[in-house]
Amino acid sequence: MPGAPTADSRFQEIESHRTYLVRYALSQLRDAQLAEEAVQEALLAALESIGGFDGRSSLRTWLTSILRFKVIDLQRRAIKERANESLDEEHLGDEESWLDDHFDETGHWRMAPQAWSDPEASLDQRRFWEAFERCLSGLSATAGRVFFRREVLGDDTEAICRDEKITASNCWVILHRARISLRSCLEAGWFGKDASHGR
Amino acid sequence: MAADHRVDCRRASRLLSLACERELDTVEVQALKRHLDACLMCRNFSVQLDFMRKAAKRYSRG
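Protein sequences appear in the order of chains A and B. 89 is the number that the working numbering gives to position 94 of the first sequence; each next residue is one higher, with no gaps. Offset between the second sequence (1-based) and the working numbering: plus 1.
Extracted from the complex, chain A is given alone in its bound form:
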């Protein structure tokens, strides 16, 4: 077929999505080695079945759907390994006490949100994205996973709840936490008066 992509150009096109795919895998798995493993497996599977890609969705969407299966698979294995451990700090029962770290007894912010100067300009700065990434990885594992799917991938809360096996209101609590944590991390590490990033 004239104009059909060659195997080589296909490979390059697939490879061009690697950074994104690693970010996705990392956000879900929280383990660089596991994330690499998942992406590697997904890319191999993609190359093998590229003939089945009908072009109805974007290549990235198709690749992400393959990766998602690999990630879920690895998560299941990890959950099985953790099965004997007791509930960790992610337990949601302590929502109010968690908020106590951010609000005083009168309900005021302990660290008052400042006006960020020209945040839009940050979007073009490489160092901002390093700070952003650092703050994302500073979230708890659950908050990181949920926030990434909700805000980065734009998934429905419903689908996220189903995969995480949590109720919608727990999902909202997790997102509330994630947003507050991310906010204070960005302010401390990038936007704040005391942030030293040499802008």
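Treat the hints as calculated values from the structure; they're not laboratory data. Bear in mind the structure is a predicted one, so any value in this text is a computation, not a measurement. Yeah, the Cβ is synthetic: ideal placement off N, Cα and C, and Gly gets one too. Be a bit skeptical, because a hint or two may be false.
As the list claims (entries may be wrong) - Just the calculated beta-carbon pair ranges, DEER-fashion:
1. B:K34 to A:D99: 20 to 28 angstroms
2. A:S4 to B:R62: 19 to 27 angstroms
3. B:R62 to A:G187: 21 to 29 angstroms
4. B:V28 to A:E10: 48 to 56 angstroms
5. B:R54 to A:S112: 17 to 25 angstroms
6. A:H103 to B:V48: 13 to 21 angstroms
7. A:R122 to B:L25: 30 to 38 angstroms
8. A:D99 to B:L25: 19 to 27 angstroms
9. A:D68 to B:V28: 40 to 48 angstroms
10. A:F64 to B:R54: 24 to 32 angstroms
11. B:R59 to A:R157: 20 to 28 angstroms
12. A:E8 to B:R59: 19 to 27 angstroms
13. A:I45 to B:T27: 50 to 58 angstroms
Following the hints, put chain B in place on chain A, whose structure we already have.
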């Protein structure tokens, strides 16, 4: 409503986050608005929420 007057920053932040997930009802909207009118910190937080959503979308482009 008496409850409206008790929207502090803690509750306001919760409502602002919730507004990203579902439509707030009239009581919630009014309570939130009243708080925001009087509170610069929470207005800052609200702007920051919008910015973080925008940044997350941009981040997804990889």
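Checked hints:
1. One distance hint, 20 to 28 angstroms for the beta-carbon pair K34 of chain B and D99 of chain A, holds here, with the actual separation near 23 angstroms.
2. In this structure the supplied range 19 to 27 angstroms holds for S4 of chain A paired with R62 of chain B, their Cβ-Cβ distance being about 21 angstroms.
3. Here the CB-CB span from R62 of chain B to G187 of chain A is close to 26 angstroms, well matched to the stated 21 to 29 angstroms.
4. In this structure the hint that V28 of chain B and E10 of chain A lie 48 to 56 angstroms apart at CB holds, the actual value being about 52 angstroms.
5. A hinted range of 17 to 25 angstroms for the beta carbons of R54 of chain B and S112 of chain A is consistent with their spacing of about 19 angstroms.
6. For H103 of chain A and V48 of chain B, the hinted distance range of 13 to 21 angstroms is satisfied, since their beta carbons lie about 18 angstroms from each other.
7. Between R122 of chain A and L25 of chain B the beta carbons are some 36 angstroms apart, a value that agrees with the proposed interval 30 to 38 angstroms.
8. Restraint check, D99 of chain A to L25 of chain B: a C-beta distance of roughly 25 angstroms satisfies the suggested window 19 to 27 angstroms.
9. At roughly 45 angstroms, the beta-carbon separation of D68 of chain A and V28 of chain B lies within the given 40 to 48 angstroms, and the hint holds.
10. The hinted range of 24 to 32 angstroms is satisfied by F64 of chain A and R54 of chain B, whose Cβ atoms lie roughly 27 angstroms apart.
11. About 27 angstroms separates the C-beta atoms of R59 of chain B and R157 of chain A, a value consistent with the hinted range of 20 to 28 angstroms.
12. Taking 19 to 27 angstroms as the suggested C-beta distance range, the pair E8 of chain A and R59 of chain B conforms, at roughly 22 angstroms.
13. About 52 angstroms separates the C-beta atoms of I45 of chain A and T27 of chain B, a value consistent with the hinted range of 50 to 58 angstroms.
Hint compliance for this structure: every hint is met.
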